[in-house]
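J.: Those protein sequences? They're chains R and P, same order as listed.
Numbered by the numbering used here, the letters in the first sequence go through residues 1 to 113 in order.
Numbered by the numbering used here, the letters in the second sequence go through residues 114 to 230 in order.
Please keep in mind that the hints were generated in silico from the structure rather than gathered at the bench.
Beta carbons: idealized from backbone N, C-alpha and C, even for Gly.
One thing to keep in mind: the hints can contain errors.
The calculated lysine-lysine pairs, modelled on BS3-like cross-linking and capped at a C-alpha distance of 25 Å, are [said to hold, decoys possible]:
hint, chain 1, residue 1, chain 2, residue 2
1, P, Lys225, P, Lys171
2, P, Lys135, R, Lys44
3, P, Lys150, P, Lys170
4, P, Lys222, P, Lys135
5, R, Lys9, P, Lys222
6, P, Lys225, R, Lys9
7, P, Lys222, R, Lys57
Pair by pair, the computed Cβ-Cβ distance ranges are [what the hints assert, rightly or not]:
hint, chain 1, residue 1, chain 2, residue 2, range
8, P, Leu153, R, Ser67, 24 to 34 Å
9, R, Arg77, P, Thr191, 44 to 54 Å
10, R, Ser69, P, Thr123, 37 to 47 Å
11, R, Val113, P, Glu192, 44 to 54 Å
12, P, Gly114, R, Gly63, 18 to 28 Å
13, P, Leu159, R, Ile54, 21 to 31 Å
14, P, Gly129, R, Ser18, 43 to 53 Å
15, P, Ser125, R, Arg109, 23 to 33 Å
16, P, Gln158, R, Pro39, 15 to 25 Å
17, P, Thr123, R, Asn65, 28 to 38 Å
18, R, Asp26, P, Lys170, 27 to 37 Å
19, R, Asn28, P, Glu192, 36 to 46 Å
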Amino acid sequence: NAGVTQTPKFRILKIGQSMTLQCAQDMNHNYMYWYRQDPGMGLKLIYYSVGAGITDKGEVPNGYNVSRSTTEDFPLRLELAAPSQTSVYFCASSYSWGNTEAFFGQGTRLTVV
Amino acid sequence: GENVEQHPSTLSVQEGDSAVIKCTYSDSASNYFPWYKQELGKRPQLIIDIRSNVGEKKDQRIAVTLNKTAKHFSLHITETQPEDSAVYFCAASAASLSQGGSEKLVFGKGTKLTVNP
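Excised from the complex, chain R in its bound form (with noise of 0.2 Å):
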């Protein structure tokens, strides 16, 4: 059971590139979520999606958007990288409402230079 698997695990970008974070999990999961992780910091929402073909804004959605075309995949996409995106992006999906425990990828660091 693989739960949720992220790709890739690393990576560096230039300003102003684009890429996509994918997402998948294998749960049958309806509620999937994305979660930036600055150093020393907690987990910000940047999008969230109650099921497929539904999405919505967490609270730090600028400079990100979302997809949500199966109930398996959720993938990030970063538009015109800047600086501030550096960080690691963790991607989770729940079965429910967030009332039951919610299962992390492995994580993404992205460094934008």
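Using the hints, position chain P against chain R.
T.: Just chain P now, with coordinates in the frame of chain R:
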């Protein structure tokens, strides 16, 4: 929206001592309160959670208490061991939109716990 405050930001204890981490939340509709442990370089993982119909929950050396009136909840770790060293996050969310409040899981900023041998 929900706001979760967590204290302290760092905590250092001697092996065998107890550790307590406290969180407060703002949204009275929140009724699910999980705690996550994140070891260095790893993903956050759930260690214990509590729902609003329960005041206390224990699992071996860890326990969580909830005071809905005061809107605060705490994590208690007894007989701490070096492997308890990690960052601990509290979080809060509501059970469903029909009850109001946010379905989003909102995290505190974390507490870095160091257990000294």
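J.: It remains to establish, for every hint, whether it holds in the given structure.
T.: Structure-based check of all given hints:
This hinted pair checks out: lysine 225 (chain P) and lysine 171 (chain P) have alpha carbons roughly 21 Å apart, not beyond 25 Å. The suggested pairing of lysine 135 (chain P) with lysine 44 (chain R) holds, with an alpha-carbon distance near 19 Å, which does not exceed 25 Å. A C-alpha spacing of about 17 Å is found between lysine 150 (chain P) and lysine 170 (chain P), which places the hinted pair at or below 25 Å, so the restraint holds. A distance of roughly 12 Å separates the Cα atoms of lysine 222 (chain P) and lysine 135 (chain P); the hinted pair therefore holds under the 25 Å criterion.
Restraint check for lysine 9 (chain R) and lysine 222 (chain P): the C-alpha separation of about 23 Å stays at or below 25 Å, so the hint holds. Between the alpha carbons of lysine 225 (chain P) and lysine 9 (chain R) the distance comes to roughly 23 Å, so the proposed pair stays at or under 25 Å and holds. With a C-alpha separation of about 20 Å, the suggested pair lysine 222 (chain P) and lysine 57 (chain R) falls inside the 25 Å cut-off, and the hint holds. In this structure the supplied range 24 to 34 Å holds for leucine 153 (chain P) paired with serine 67 (chain R), their Cβ-Cβ distance being about 32 Å.
Hint check: arginine 77 (chain R) to threonine 191 (chain P), Cβ distance near 45 Å, so the stated range 44 to 54 Å holds. For serine 69 (chain R) and threonine 123 (chain P), the hinted distance range of 37 to 47 Å is satisfied, since their beta carbons lie about 42 Å from each other. Between valine 113 (chain R) and glutamate 192 (chain P), the C-beta spacing of about 45 Å keeps the proposed range 44 to 54 Å intact. In this structure, glycine 114 (chain P) and glycine 63 (chain R) meet the distance hint of 18 to 28 Å, their C-beta atoms being roughly 20 Å apart.
Distance hint check: the CB atoms of leucine 159 (chain P) and isoleucine 54 (chain R) are about 25 Å apart, consistent with the given range 21 to 31 Å. Restraint check, glycine 129 (chain P) to serine 18 (chain R): a C-beta distance of roughly 51 Å satisfies the suggested window 43 to 53 Å. Checking the proposed 23 to 33 Å range against serine 125 (chain P) and arginine 109 (chain R) shows it holds: the Cβ atoms sit about 27 Å from each other. The hinted window of 15 to 25 Å between glutamine 158 (chain P) and proline 39 (chain R) holds, with their beta carbons roughly 20 Å apart.
The given range of 28 to 38 Å is respected by threonine 123 (chain P) and asparagine 65 (chain R), whose C-beta atoms sit roughly 35 Å from each other. A hinted range of 27 to 37 Å holds for the C-beta pair aspartate 26 (chain R) and lysine 170 (chain P), which are about 29 Å apart. Against the hinted window of 36 to 46 Å, the Cβ-Cβ separation of asparagine 28 (chain R) and glutamate 192 (chain P) comes to about 38 Å, which satisfies the hint.
Violated hints are absent here; each numbered hint is respected by the structure.
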